[in-house]
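Now for the letters of each chain:
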Amino acid sequence: KAGVTQTPRYLIKTRGQQVTLSCSPISGHRSVSWYQQTPGQGLQFLFEYFSETQRNKGNFPGRFSGRQFSNSRSEMNVSTLELGDSALYLCASSEGDGADTQYFGPGTRLTVL
Amino acid sequence: GIQVEQSPPDLILQEGANSTLRCNFSDSVNNLQWFHQNPWGQLINLFYIPSGTKQNGRLSATTVATERYSLLYISSSQTTDSGVYFCAVDWETSGSRLTFGEGTQLTVNP
Numbered sequence: 001k002a003g004v005t006q007t008p009r010y011l012i013k014t015r016g017q018q019v020t021l022s023c024s025p026i027s028g029h030r031s032v033s034w035y036q037q038t039p040g041q042g043l044q045f046l047f048e049y050f051s052e053t054q055r056n057k058g059n060f061p062g063r064f065s066g067r068q069f070s071n072s073r074s075e076m077n078v079s080t081l082e083l084g085d086s087a088l089y090l091c092a093s094s095e096g097d098g099a100d101t102q103y104f105g106p107g108t109r110l111t112v113l
Numbered sequence: 001g002i003q004v005e006q007s008p009p010d011l012i013l014q015e016g017a018n019s020t021l022r023c024n025f026s027d028s029v030n031n032l033q034w035f036h037q038n039p040w041g042q043l044i045n046l047f048y049i050p051s052g053t054k055q056n057g058r059l060s061a062t063t064v065a066t067e068r069y070s071l072l073y074i075s076s077s078q079t080t081d082s083g084v085y086f087c088a089v090d091w092e093t094s095g096s097r098l099t100f101g102e103g104t105q106l107t108v109n110p
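Just so you know, the sequences run in chain order R and U. Residues in the first sequence are numbered from 1 upward in steps of one, following my numbering. Residues in the second sequence are numbered from 1 upward in steps of one, following my numbering.
Next comes chain U alone, as it looks inside the complex:
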């Protein structure tokens, strides 16, 4: 099956700093999503981005499908950005089956 690798595994920042999270995947995909898992376990959609660039406030994401990677940018980080960020990809031709990376644990200190 498809492999998804996220880096770095852990990231500690001071409030106000910027960061870049990376997701590499081993095969062509037809779906790529970034999620933030809140302390209660719910996965919050950040981006649906199988290709191209999107921005939402302080967050933006870029997927370069031909080179099989995606980047999530967090600017001017806040303590509420802390948590685990997951990249998930789908390569199924029929239906859906997300394969998740192991996540990046982000800690933003005040």
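If we strip away everything but chain R, and leave its shape as in the complex, we get:
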């Protein structure tokens, strides 16, 4: 099976803009989770989607949002970008049956200028 894919891999934006990142899970996986990695805060959970519904949410402001489509592909959107949003954004997929193995994609590296 193909692994988790994320697009784009690199992105440069300016403050105030918005950005949309995409994640395609492993075939058959119904859960998609998003994480932000920064040098200062480490790896932090953003949210999880399962069957097109947000099932869990981390402690991020409302500028961070996501959605999941019927084919399990997911997008996350960040509006009104701030310099502090510069980070590696990682997507993970799993079968979604609860405590199961999470498989991560290669990430999208976002730089906000």
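One thing to keep in mind: the hints can contain errors.
[To be verified] Here are some of the chain U residues that sit facing chain R, going by a computed Cβ distance under 7 Å: (1) Asp27; (2) Asn30; (3) Asn31; (4) Gly41; (5) Leu43; (6) Tyr48; (7) Ser51; (8) Glu67; (9) Gly95; (10) Arg97; (11) Phe100.
[As the list claims (entries may be wrong)] Quick look at which bits of chain R chain U covers, simulated, 3 or more residues with Cβ under 8 Å: (12) 23 to 31; (13) 35 to 43; (14) 100 to 111.
Derived by calculation from the structure, the hints in this document are not laboratory data. Where is the CB? At the ideal position from N, CA and C, for every residue including glycine.
Got chain R; can you put chain U on it based on the hints?
Just chain U now, kept in the frame of chain R:
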């Protein structure tokens, strides 16, 4: 929320040496995974190990859930083992929400 502590934060080894990385967590978990982050940032699954012992080649892991810790053993280390090793746990009863430790930066010198 749950706390995850990894030790040591940094580890420098000579090729061929063995090492043990530790992960302590503050509450009961239903998932524990070890990852290796490659230089390009991707998290590579090493083990899914909420309890018990597993081995994969030169790597093995043990989780003692009742005592809330997990160990990752690397034997006969190679330069390609260098990178950051993360422990992540999940305590959610519905869905998933991994909480990561701060990682162990491993450097293996030739």
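Hint check:
Interface hint status for Asp27/U: violated, as the beta-carbon distance to the closest one in chain R is roughly 14 Å, over 7 Å. Nearest Cβ of chain R to the Cβ of Asn30/U: about 4 Å, under the 7 Å cut. The hint holds. Of the supplied interface hints, the one on Asn31/U holds, with its beta-carbon coming within about 4 Å of a beta-carbon of chain R, less than 7 Å. A least Cβ separation of about 5 Å between Gly41/U and chain R falls short of the 7 Å threshold, and the interface hint therefore holds.
At its closest, the beta carbon of Leu43/U sits 4 Å from a beta carbon of chain R; the interface hint therefore holds under the 7 Å criterion. About 4 Å separates the beta-carbon of Tyr48/U from the nearest beta-carbon of chain R, less than 7 Å, and the hint is met. For Ser51/U, the interface hint is violated, since its Cβ never comes within 7 Å of a Cβ in chain R; the closest pair sits about 11 Å apart. A distance limit of 7 Å between C-beta atoms decides the matter here; for Glu67/U the minimum to chain R is near 19 Å, and the interface restraint is violated.
At a threshold of 7 Å, the smallest CB-CB gap from Gly95/U to chain R is about 4 Å, leaving the interface hint in force. Annotation: interface hint on Arg97/U holds; nearest CB of chain R at approximately 5 Å, less than 7 Å. With its C-beta approaching chain R no nearer than about 4 Å, Phe100/U sits inside the 7 Å limit, and its interface hint holds. Figure legend: the segment 23 to 31 of chain R, annotated as covered by chain U; annotation inconsistent (1 residues with Cβ-Cβ distances under 8 Å, at least 3 required).
For the segment 35 to 43 of chain R, the assignment as covered by chain U holds, since 4 residues bring a beta-carbon within under 8 Å of that chain's beta-carbons and 3 suffice. Closer than 8 Å: that is the beta-carbon criterion, and the segment 100 to 111 of chain R has 9 residues meeting it against chain U, so the requirement of 3 holds.
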